[in-house]
Amino acid sequence: MTLENRLRRRRAAGRKLLMPYVTGGITTTWLDQLRAFVEAGADAVEVGLPFSDPTLDGATIQEATHRALACGATTRGILDDLAGAATEVPLVASTYYNLVLHAGSQRFCAALRDAGVSGLIVPDLPLGEADELAGSAASAGIDLVLLAAPTTPPPRLAQIAERSRGFVYAVSVMGTTGERTTVADSAGALVDRLRRTTDRPVMVGFGISTPEHAAHAARSADGVVVGAALMRRVLDGASPYDVGSYLARMRRAVDQDLPPGGGRWTRA
Amino acid sequence: MGDPGPTGRFGRYGGGYVPESLVETCRRVEEAFRQAWSDPGFRDSLTRLLTVHVGRPTPLTPALRLSAELGVHLMLKREDLTHTGSHKINNVLGQALLARRMGRSHLIAETGAGQHGVATATAAALLGLRATVFMGERDIERQALNVFRMQLLGADVVPVGTGSRTLSDATGEAMRYWVGRTDEAHYCAGSVIGPHPYPWMVRTFQRVIGDEARGQCARELANAVPDYVVACVGGGSNAAGTFAGFVDTSARLVGVEAAGGAGAALGRVGVLHGCRSRFLQDDAGQIVEAHSIAAGLDYPGVGPEHAHLRDLGRARYETVSDDEAAAAVVRLARTEGIVPALESAHALAWVVRAAGAGELPPGATVLLTLSGRGDKDVSTLKDGPTPGDPA
Ligand SMILES: Cc1ncc(COP(=O)(O)O)c(C=O)c1O
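For the protein sequence lines, the chains are A and F, in the order given.
Those letters in the first sequence? Residues 1 to 268, per our numbering, in order.
Those letters in the second sequence? Residues 269 to 659, per our numbering, in order.
Chain A on its own, in the form it takes in the complex (with noise of 0.2 Å):
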């Protein structure tokens, strides 16, 4: 089942949707990281593969991409960790469009599939960007996740919305990956533009630091990305029991904020 059908089943079923990043390789027990992910509750789990200029990600990712790398992680390496998982929520892969031009898109898209991902973003791809990429990823059948921000235009939102797969990635702030103190209004209305346009599930990320924020977001979206949050106390030296602690919690808000019978809020 793809990736956005998996994600679709769980919506329908009234659930909010939880999706934790790690960076690959981030320690020698990254995939047990992963592992209490899954027992958090997340609906799936986005792994980036670490490049050496992460543009769009603030000093957090930052640091984690470069202690990964500076420890030896690959992108082979990491998927061959991933193909021994055997998780069984979605995987999705994030990265930086070098890596995949780097080892050709049709052989980075299969080598994602041979692992178990089932997804893909690749934050510096916009969608003019991105017609070659998503042939390849099509026909490997993993769903090529694009993004739309605060200031996309109206009809360029439009055709986001259409070509992505799995879900529509709506990046909360004009700014990079890090935590932050509020969730910006601009995420909110972002949003509610796409609803306007898409029945595609739409995932908020970019700032998502607290449960406070988690259960926030999820009110008008159908569910939340947490990434630099999660990557602070890994750096910090948190256990993955302590960091899957965290992600619990984040859990619990999403879910008591679930007005009754789990539908759709639009935000008062």
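If you're looking for bench data, these hints aren't it; they were derived computationally from the structure.
C-beta: ideal position from N, C-alpha, C; glycine also.
Fair warning: there could be bad hints in the mix.
As the list claims (entries may be wrong) - Interface residues of chain A toward chain F, partial, derived using beta-carbon atoms under 10 Å:
{"hint": "1", "residue": "96"}
{"hint": "2", "residue": "99"}
{"hint": "3", "residue": "169"}
{"hint": "4", "residue": "174"}
Based on the hints, put chain F with the ligand in the right spot on chain A.
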């Protein structure tokens, strides 16, 4: 070297590989630039600034004693004589005027050697804008004088401590900072790199070098063009501006890179900082750090148009070592009384080598763009071994 059109392609290179958050901003920069460039009022303002503030046109200086030694006819296009001391000011004034026209109050720049930072700080002061300049910590050490100049001009210099702590990391950091401030800030790229429209826009602003030189060479050479047109290549802006004046002639175009930063000569196809071009990479596709004695050439790639000219065979790209470049500084200083920037010295070092090896036929005419002056490099040269120094 024409208009790459709305997709910003030079052959298979170029494009706009930016986060969605920057797509609309880049589109607006392109639209504003197209309008401005076809507006005679804008062109006049820029020409006037280049005349009264920068000191254009810059002279073409025959290098008489060195020419006699090398057995070629070498002419120097003197960008070192511009206000602020390098070609970077040509592009920056264009972008600063554009930024003001777009209602932006803040310029963001990255700098390696500091020359682009100084130019940005200067243009910001001149036009009443704010300037924030990102610079690798290693470059801050090497180019302390330029850091002080930027601060004196009122710019904020932000140290970048990630990665190789040089130009490439400063570029990444400047782009991150920009994503959060696209309403008030204009990203003022320092070379022919980055997403469309930057490589094209920067080359268009730098074209003034090649256009002036074409006319000056014609006077010097009784209406002929030089046999060789040579310029150093970091990102490639002075070379692109120079080449643009000669691409439609029979002149042979030679771009000279630092041996440790040879994106065009040794790089592989990749995507970095918003464009598809050639970059130094390892076998896993990770970007490799560049190393050069010249901070302005310490970049692991080249602009997309250079990658295209290389594939076409219209320009060739050569590399020069740190030692050869340092020796070339001394050579020009002692034959012509001109201390060139270490970056420009790379181009000169290739001419010296090629003349010595008989690759440049005796009597060949050579135009060389002296992209900047060497004041900023004196401490680097003083602390390192100075080739040819009697002491
Ligand atoms: C004097 C000088 N020349 C050349 C360069 C390299 O830049 P480009 O290749 O864009 O001309 C620099 C960059 O800092 C410079 O300061």
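Checked hints:
1. Checking residue 96/A against chain F: minimum C-beta separation of about 8 Å stays under 10 Å; hint holds.
2. Here the hint on residue 99/A is kept, as its CB sits about 5 Å from the closest CB of chain F, short of 10 Å.
3. The criterion of a C-beta within 10 Å of any C-beta in chain F is met by residue 169/A, whose closest approach is roughly 9 Å, and the hint holds.
4. The interface hint given for residue 174/A is met, as the beta carbon of that residue sits about 5 Å from the closest beta carbon of chain F, less than 10 Å.
Hint compliance for this structure: no hint is broken.
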